[in-house]
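There are 4 protein chains.
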Amino acid sequence: MNTFTKEIMSVGEMACGTKLTVPVFSFKAEENSSEDNLSAVNTAEQSIAPNVYIQANMHGAEVQGNAVIFQLLELLQHSELKANITLVPYANPIGNSHKSGEYTLGRFDPITGENWNRMYHFDQSIIKPFAEQHLTSSEEEIKARFEQLVAEQIDAKLAPSVWGLSTGQRIAYQLQRLAHKADIVLDLHTGPISSKHLYCAEYSKASAKYFNIEHTLLIPNGFDGAMDEANFCPWWYLQEAFVDLGRDFTMGQGIFDKEAYTVELGSQEQIDLDVAKEDARDLLTYLQYKGAIGGSEYQPKEMTRYACHLKDYKTYYAPMGGMVDYLAGFGKPLAAGEPLARILRMDVYGDSSINKENESKALHYVSLDQTVLPILHFASANVTQGSELYKVFTNYFEF
Amino acid sequence: MNTFTKEIMSVGEMACGTKLTVPVFSFKAEENSSEDNLSAVNTAEQSIAPNVYIQANMHGAEVQGNAVIFQLLELLQHSELKANITLVPYANPIGNSHKSGEYTLGRFDPITGENWNRMYHFDQSIIKPFAEQHLTSSEEEIKARFEQLVAEQIDAKLAPSVWGLSTGQRIAYQLQRLAHKADIVLDLHTGPISSKHLYCAEYSKASAKYFNIEHTLLIPNGFDGAMDEANFCPWWYLQEAFVDLGRDFTMGQGIFDKEAYTVELGSQEQIDLDVAKEDARDLLTYLQYKGAIGGSEYQPKEMTRYACHLKDYKTYYAPMGGMVDYLAGFGKPLAAGEPLARILRMDVYGDSSINKENESKALHYVSLDQTVLPILHFASANVTQGSELYKVFTNYFEF
Amino acid sequence: MNTFTKEIMSVGEMACGTKLTVPVFSFKAEENSSEDNLSAVNTAEQSIAPNVYIQANMHGAEVQGNAVIFQLLELLQHSELKANITLVPYANPIGNSHKSGEYTLGRFDPITGENWNRMYHFDQSIIKPFAEQHLTSSEEEIKARFEQLVAEQIDAKLAPSVWGLSTGQRIAYQLQRLAHKADIVLDLHTGPISSKHLYCAEYSKASAKYFNIEHTLLIPNGFDGAMDEANFCPWWYLQEAFVDLGRDFTMGQGIFDKEAYTVELGSQEQIDLDVAKEDARDLLTYLQYKGAIGGSEYQPKEMTRYACHLKDYKTYYAPMGGMVDYLAGFGKPLAAGEPLARILRMDVYGDSSINKENESKALHYVSLDQTVLPILHFASANVTQGSELYKVFTNYFEF
Amino acid sequence: MNTFTKEIMSVGEMACGTKLTVPVFSFKAEENSSEDNLSAVNTAEQSIAPNVYIQANMHGAEVQGNAVIFQLLELLQHSELKANITLVPYANPIGNSHKSGEYTLGRFDPITGENWNRMYHFDQSIIKPFAEQHLTSSEEEIKARFEQLVAEQIDAKLAPSVWGLSTGQRIAYQLQRLAHKADIVLDLHTGPISSKHLYCAEYSKASAKYFNIEHTLLIPNGFDGAMDEANFCPWWYLQEAFVDLGRDFTMGQGIFDKEAYTVELGSQEQIDLDVAKEDARDLLTYLQYKGAIGGSEYQPKEMTRYACHLKDYKTYYAPMGGMVDYLAGFGKPLAAGEPLARILRMDVYGDSSINKENESKALHYVSLDQTVLPILHFASANVTQGSELYKVFTNYFEF
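Protein chains in written order, with my numbering: chain A, 1 to 399; chain B, 1 to 399; chain C, 1 to 399; chain D, 1 to 399.
No lab work stands behind these hints, which were simulated from the structure alone. One or more hints might be untrue.
Each pair may be met inside one copy or between any two copies, as identical chains are not told apart.
Unchecked claim - Straight-line distance between alpha carbons at most 27 Å, and here's what the computed DSSO-like set of lysine-lysine pairs gives: (1) Lys-157 x Lys-314; (2) Lys-19 x Lys-6; (3) Lys-332 x Lys-301; (4) Lys-391 x Lys-157.
Just so it is clear, the structure is predicted and the values come from calculations on it, not from any experiment.
Make the full structure from the sequences, and use the hints.
The structure is reproduced here in C-alpha cells:
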C-alpha cells in the first residue's frame with residue numbers, strides 16, 4: 001500500500017487570531033523520483049513520471065471536490081504510482097467559511113468582490129527575455145530553468161514585504177507554489193446547479209476524451225487569472241516565443257507537455273461520497289492515460305461528448321425579476337423555441353380585465369432562437385432581473 | 001367563471017423610497033355573503049360559508065407557496081365558491097428581497113434576527129374580561145363582538161404612533177388584519193430541504209387527514225407568535241375562559257370552528273408549477289371538506305399518515321464541523337443505529353499512523369438511538385458545529 | 001507583579017475543521033483563596049474576596065471590550081488582588097468571524113437569528129425545591145450547595161448527548177460554566193453608534209454610581225437569557241423563595257451579594273486603546289469599591305448620572321425609508337419637538353408643483369412629544385422603514 | 001427661480017416584481033440651449049454652455065452624494081444657469097438596497113462580485129475608423145457625429161436582445177445614456193472611512209484646483225470600466241487617433257474639452273446635510289470656473305493641495321488578523337516609521353514566559369518605510385489578514 005505524507009499550510013488569519021489552514025497530501029512515484037528534474041530529464045527515455053497537482057474547494061460552496069480527493073486518497077494507496085501526486089482539499093478555508101445563513105457564499109473575496117479563482121500570478125514580461133536567453137539551451141535545461149524562474153516569481157510574491165498581500169493573493173500564491181512544478185493540474189470546482197463539464201485548453205483537447213465528462217469547454221490559451229491558466233499559460237507563451245524566434249516546439253509535447261484543467265463536478269453545496277468515488281475513478285482514467293498511474297484498470301467510458309468554444313458559451317440573463325421554474329434539463333439539446341424556464345409574476349396576475357387569460361400575464365415562458373445545450377442554471381428560483389439564469393453551449397459539436 | 005378582485009397593500013419602504021407591496025386577491029362566496037356576520041350567523045342554519053385566508057412566502061426563500069396560490073387562483077375561478085377566499089402571495093417582500101449572493105436569507109429580520117413568522121400580535125389580557133362581559137351573550141353576538149375586538153386591537157397597533165412600528169410588525173399586523181376574520185387560515189411555508197408536513201393544532205387534528213400530507217406535527221394550542229397561532233389562539237383561550245366561567249363551548253365547533261395551519265410544502269429556493277398544481281388540489285380537498293368549496297371533486301388520498309407531538313419533534317445538531325453527505329431519506333422510518341449522515345473531515349485524514357484505516361478518522365457516520373422519521377435536513381453540505389442537521393419525528397404514530 | 005494563567009477553550013468548529021477557541025486569563029487573589037468556598041465562608045468575618053468574571057465580545061462587532069480586557073490585564077498585574085479574577089476576551093469567535101463585506105454581523109446566529117446573548121441557561125424549576133430542602137441550612141451551606149447545583153446543571157447541559165447542542169448553546173454554556181461561581185460579573189458590550197451606558201439590576205443600583213458611566217438602565221430581576229441575568233437571577237429567585245418560606249434574606253447582601261452587569265462601552269466596530277485604558281480604570285473603580293482589589297487609587301468621578309427603567313427605554317422606529325442625518329447627540333436631554341434626525345428622500349424631491357418648497361417634500365424632521373435622553377442610534381444613514389433609528393431614555397431621573 | 005424637470009427611470013426588478021427606479025432631475029441652461037448641438041456648435045463663438053452630468057450613490061453605502069445633490073438642487077434654483085445640468089441621486093437602487101444587517105454592502109453585484117462602477121461600456125475599436133472617416137470634417141461635425149456614434153453604441157447595448165443584460169450592465173448603460181453627451185461628469189462617491197479626495201485624469205489636472213479638495217489622484221487616461229473613464233476615454237482615444245493621423249487636437253481643449261471626475265466625499269454610511277451644503281458649494285466653484293454657472297460667488301479656497309499618481313496610491317494590507325486601532329489621521333504627512341495603526345491580538349497575550357512584556361506579544365505597531373499621506377482606512381476594527389487596512393499617497397507632491 002502506498003503511503004502519503006501530510007503537511008499543514010497556513011493561508012490566513014481571522015480577526016481573533018485563528019489560523020486558517022490547508023492540508024496537503026503527497027504521494028511519491030514508486031520508482032523514479034522526479035525531484036531532481038534536471039537529471040531526471042536527462043534520462044527521460046526511462047519514462048520520467050509527471051508531477052500531478054489536484055486541488056478542490058477554491059470556491060467556498062464547491063465542496064464535492066473534497067469528497068473526490070478523499071476517494072482519490074483511498075484509491076491511490078492501492079494504485080501503481082508513476083507520478084508524484086499532490087492533493088489539496090479545502091484549498092480556500094476563507095471562502096469555505098464565508099457562510100451567510102445556511103449557504104456558503106465563497107466565490108469571491110467578500111470585501112473586494114474579487115473572484116478567488118482569478119488571483120493567480122503570471123507575468124508575461126518574463127517570457128521573451130527567457131526565450132532569447134535560452135534559444136540554444138537543451139530541452140532539459142529549458143524545462144529546469146523555466147520552472148525555476150516561475151518558482152522564483154511566486155517566492156518573490158510570497159516574501160515579506162512592506163505593503164503585504166491581499167487575502168486572496170496569499171492563498172492563491174501559496175497554492176500556486178505547490179502547483180507550479182506540476183505537469184498535470186486538476187482544479188476541482190462545481191457550478192451552482194449544474195451538469196459535469198470540463199474547461200480544457202484548445203491545445204490539449206485530445207486528452208479531454210479521457211475524462212468521463214460529456215461536456216467540454218474549449219478555452220483559449222491566454223491568461224485570465226485562473227489556476228488552470230496560471231499553469232499552462234507560461235509554457236504556452238514560452239513555446240510561442242521560441243517558435244517566433246525560430247526554434248520549433250509544440251505545445252503539449254515534450255517539455256511542453258503541460259496540461260491543466262478546471263473540472264466542474266456538478267452542483268455546489270452538496271457532497272455525495274458514492275458519486276465522488278465514481279468521479280475519482282473518472283479522474284484516474286485520465287491520469288492512467290497520461291501515465292501518472294500504471295495498469296489498465298481505468299478505461300474511458302463510451303459516451304457522446306459535446307464541446308463548444310468559450311466564446312460560444314452563453315449566459316442567458318433573467319429578462320425580468322420573478323420566481324423561476326427551471327424547465328430545461330442539462331446535457332441534451334434544447335431546440336430553438338423550446339422553453340428554458342417559466343417565470344412566475346404574481347404581482348401582475350389578473351392585471352388585464354381585457355385579457356381573459358390571467359395566466360398569460362403572470363407566467364412567462366422564456367426560450368432561445370437556436371438549439372443549445374443547457375449546462376447549468378441559477379441556484380435559486382427567486383431571481384432579480386439580470387441574474388445569470390442559464391449557461392448554455394451554442395454552436396456545440398460532437399467531439 | 002368566478003372573478004376575483006385584486007388590491008395592492010404597501011408593507012414597507014426601502015432606503016431609496018421604493019415601496020414594497022403585496023398583492024391581495026379576493027373571491028366572494030357565490031350566494032351567501034358572510035360580510036355581515038351578525039345577521040349571517042342569525043341564519044346560520046342556511047350554511048354560512050367560512051372566510052378563508054391563504055398566504056405564502058412569509059419567509060423569503062419559501063417560494064413554492066406563490067406557485068400554489070397561482071394554481072389556486074386558476075382552479076378557484078372554476079370552482080363552486082362557498083366561502084370568501086383571500087389569497088396573498090409574496091406576503092413578505094422584504095424577506096423575499098433579502099438575497100445574499102444567489103440565495104435568499106429571509107427567515108428573519110436581517111437587523112434584529114427576529115423570525116418574520118413570530119411577530120404577530122396576541123394580547124391574552126383581553127380574554128377574561130371579554131368572557132366575563134359576554135357570559136350570557138348569544139353565540140352570534142360573541143362571535144361578532146370578539147372578531148371586532150380582535151380587529152380593533154390590530155387597528156390600534158397599525159394606527160400612527162409616536163414610536164412607530166418595527167419592519168416586521170408592520171408586515172405582520174397588516175397581514176393579520178386581512179386574516180383575523182377568517183375561519184380557516186393556511187400559511188404556506190417550506191423547510192430547507194424537506195418533505196411535506198403540516199403543523200396542526202391538537203384540537204383540529206381530525207381535519208388533518210383531509211390534507212394529502214403524510215406528516216403532521218401536533219402543536220399545543222398556545223401562542224408563540226406565528227400566523228396560525230395568532231388566528232386560533234384567541235378563540236382557544238376564549239373558549240377556555242368561557243368553560244372556566246361555566247359556559248360550555250368546544251374548540252373547533254360552532255362559533256369556535258376556527259382552524260389555522262402552517263403547511264410546509266417541501267424545499268425552499270425552488271418552485272415547480274406542476275407540483276404546485278397538485279399542491280393546490282390537495283389544499284382544495286381540505287377546503288371542500290370544510291365546505292369552502294362545493295362539489296366532490298377533491299377526495300383525500302389513501303396514504304399512511306404519521307403524526308408526532310411538537311415536543312417529540314427533535315433537532316439533531318451537527319456534532320462537529322464538516323462536509324455532510326445526507327443519507328437518511330424523508331418520510332420512511334429510520335431504525336436506531338442506521339446512519340442519518342456521514343460527515344467528511346479531510347483535515348484529519350491520515351492523522352493516525354497507528355490506525356491503518358485513514359477513512360475511519362475522516363468519515364464519521366452519525367445515527368440516533370431510536371427509530372425516527374426524518375422530516376427535513378440542512379440546506380448545505382458545508383456545516384459548522386451545532387448547525388441543525390436534521391429534524392425528525394420521534395415517538396411518532398400512525399394517524 | 002501578579003501573574004495570571006491562561007487557558008484555551010474550544011467553543012466551535014468550522015466546516016473545514018478549524019477549531020474556534022477562546023483565551024481565558026485568570027488571576028488568583030493574593031492571600032485568601034476562595035477556592036474552597038465552604039470553609040472560606042466559615043471565616044467570612046475575615047473578608048473573603050469575591051470571584052470576578054469579566055468577558056467581552058459576545059456580539060461579534062462589539063470589540064472595544066477586548067481592548068479593555070487588555071488594559072485590565074496590564075493594570076491588574078500591578079494591583080492588590082483581593083479577588084480571583086477571570087477575564088475572557090473574544091468570548092464568541094463565531095460571532096466575531098461573521099463578517100459581511102467590511103463589517104461584522106455577529107449579533108445573532110446567522111442561521112437561526114437567535115441573539116448570542118439570549119442563550120444562557122436558567123431553570124427556574126430548581127429554585128423552590130432547593131429552598132424547601134435547605135430552609136434551615138447554614139448560609140455557608142446554602143451558598144455552597146446552590147453553587148454546586150447551578151454548576152451541575154450547566155455540566156449536564158454540556159455533557160455529551162444524542163441530540164447535541166446548537167452553536168450558540170455550546171458557546172453560552174461554556175462561558176456560563178466559567179462565570180457561574182462569580183460574585184461579580186461584567187459582560188462588556190457596545191451599542192451600534194452609542195454613548196456608554198450600564199444595564200443594572202434594580203436591587204444593585206446602589207453600586208451603579210461606582211461605574212463612571214452617565215447612563216444607567218435599571219432592569220427587572222427576571223430572566224431573559226442574557227449573561228448578567230443568568231448570573232443574578234438564580235440567586236434572586238432563591239432569595240425570594242426563602243422569603244416566601246419565611247426565612248429572611250435580602251438580595252445583594254450576605255450570601256446573596258451577587259452582582260452582574262452588562263456594560264455598554266460606546267460604539268461597535270472600533271477599538272481605541274487609550275479610551276480602553278480609561279474604561280479599564282473605570283471598571284477598577286467599581287471592583288475596588290466591591291473589595292475585589294485593594295487600595296484607594298480608583299475613585300468614582302463626579303458626574304451627573306441619569307437612570308431610567310427598562311420599560312421606559314424606548315425605541316424610535318424609522319417612520320419611512322430614507323437617508324438619515326442623525327441630529328440628536330447622546331447624553332444630554334432633547335426637548336419635546338426638537339429634531340432627533342432629518343430623513344432625506346430624494347425620490348420625492350420636487351414632486352408637488354403646488355408646494356413651492358421642494359425641500360419640505362424631501363426632508364423630514366422627526367421628533368418626539370416628550371423630553372428624552374438619546375442613548376444610541378442606528379449604524380447606517382441608509383435605513384429601511386421600521387429600522388431602530390434611536391433608543392432613548394424616557395421618564396429618566398438623576399441618580 | 002430656475003425650474004427643473006424630473007423623470008423616473010426604471011433600472012431593475014426584484015424577484016417579487018418591484019421596480020427599482022432612479023429619479024433624474026434636469027435643468028436647462030437659461031439662454032443658449034445646446035439641445036441641437038450641431039447648430040449650437042456652429043455658433044460656438046457665442047460661448048455654448050456645457051452639458052453637465054452629476055450622479056451619486058453608484059456604490060450602495062456611499063450616500064453622502066445624495067445629500068450633495070439635494071443641496072445642489074436647492075442652490076441651482078437660484079443660480080445663473082449657463083449649462084444644461086442633469087442630476088441623478090440614488091443612481092443604483094440595487095446596490096443601495098443591498099443591506100446586510102445594519103450596513104450596506106453595495107460595492108459590487110452580490111452574485112457576481114463585479115464592481116458596480118466597472119461595468120460601463122467602451123469599445124475602443126470604433127475610434128480609429130471614425131478618425132479616418134472624419135479626418136477632414138469640421139470640428140462641429142466631429143463632435144456631433146462622435147457623440148451620435150457613442151450614443152448609438154449605448155442604445156444598441158440597451159436594445160432588446162436574446163441573451164439580455166446583466167443586472168449591472170442594465171444600470172450602467174442607462175446611466176451612461178444620460179451621461180454620454182455631457183462635457184462635464186461628476187460621479188460622487190465616498191471611501192470607507194476616508195478623507196475627501198478627487199480622481200482626476202492627467203490631462204485635466206489644471207482644473208483640479210478649482211475643487212476645494214486637498215487630495216488629488218492623477219489617473220491615466222485609459223479605460224478601466226468606471227463612469228469617469230467611460231466619459232473621457234472615447235474622446236482621449238479619438239484625439240490621439242487624430243494626432244496619429246496628422247490632425248492636431250489637444251485633449252481638454254475645443255471640442256475635446258471633456259472632463260470627468262470621481263469625487264470622493266468622505267466616509268460611507270453617513271449623510272450630513274450641513275457638510276453636504278459645503279460640498280455642493282465646492283462643486284459649484286468648479287462648475288462656475290468651467291462656465292456652467294455664471295457669476296463669481298464661488299471662489300476656490302486657499303489650501304495646500306497634494307497630488308499623487310495612481311501608481312503611487314498604495315494599499316497597505318493587514319499583515320495579520322486582529323483588532324485594529326487606527327492611529328494615522330488623514331491628510332497630513334506620516335513620517336517613515338511612525339505608526340499607521342496598532343493591532344491587538346489577545347489570543348497571544350501572555351504567551352511567552354520569557355518575555356516579561358506581555359504587551360509586546362499582543363500589541364503590534366505597524367508602520368511604513370517612507371513618508372506617506374494617509375487617505376482612507378478600513379471601515380471596521382475587526383480585520384482578517386490581508387484586508388485593505390490603509391490607502392496612502394506615496395511620492396506625493398504639492399499641487
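> Between the shortest in-copy and the shortest cross-copy C-alpha distance, which are at most 27 Å for Lys-391 and Lys-157: within, between, both, or neither?
Replying inline: Close across copies (20 Å), not inside one copy (35 Å); limit 27 Å.
>> Within, between, both or neither: how does the pair Lys-157, Lys-314 come out at a Cα-Cα threshold of 27 Å?
In response: between (35 Å within a copy, 16 Å between copies)
> For Lys-19 vs Lys-6, is the C-alpha pair at or below 27 Å within one copy, between two copies, both, or neither?
Replying inline: both (18 Å within a copy, 19 Å between copies)
> Under a CA distance limit of 27 Å, which applies to Lys-332 and Lys-301: within one copy, between copies, both, or neither?
Replying inline: Within one copy only: 18 Å inside, 36 Å across.
Checked against the numbered hints given earlier, this structure breaks none of them.
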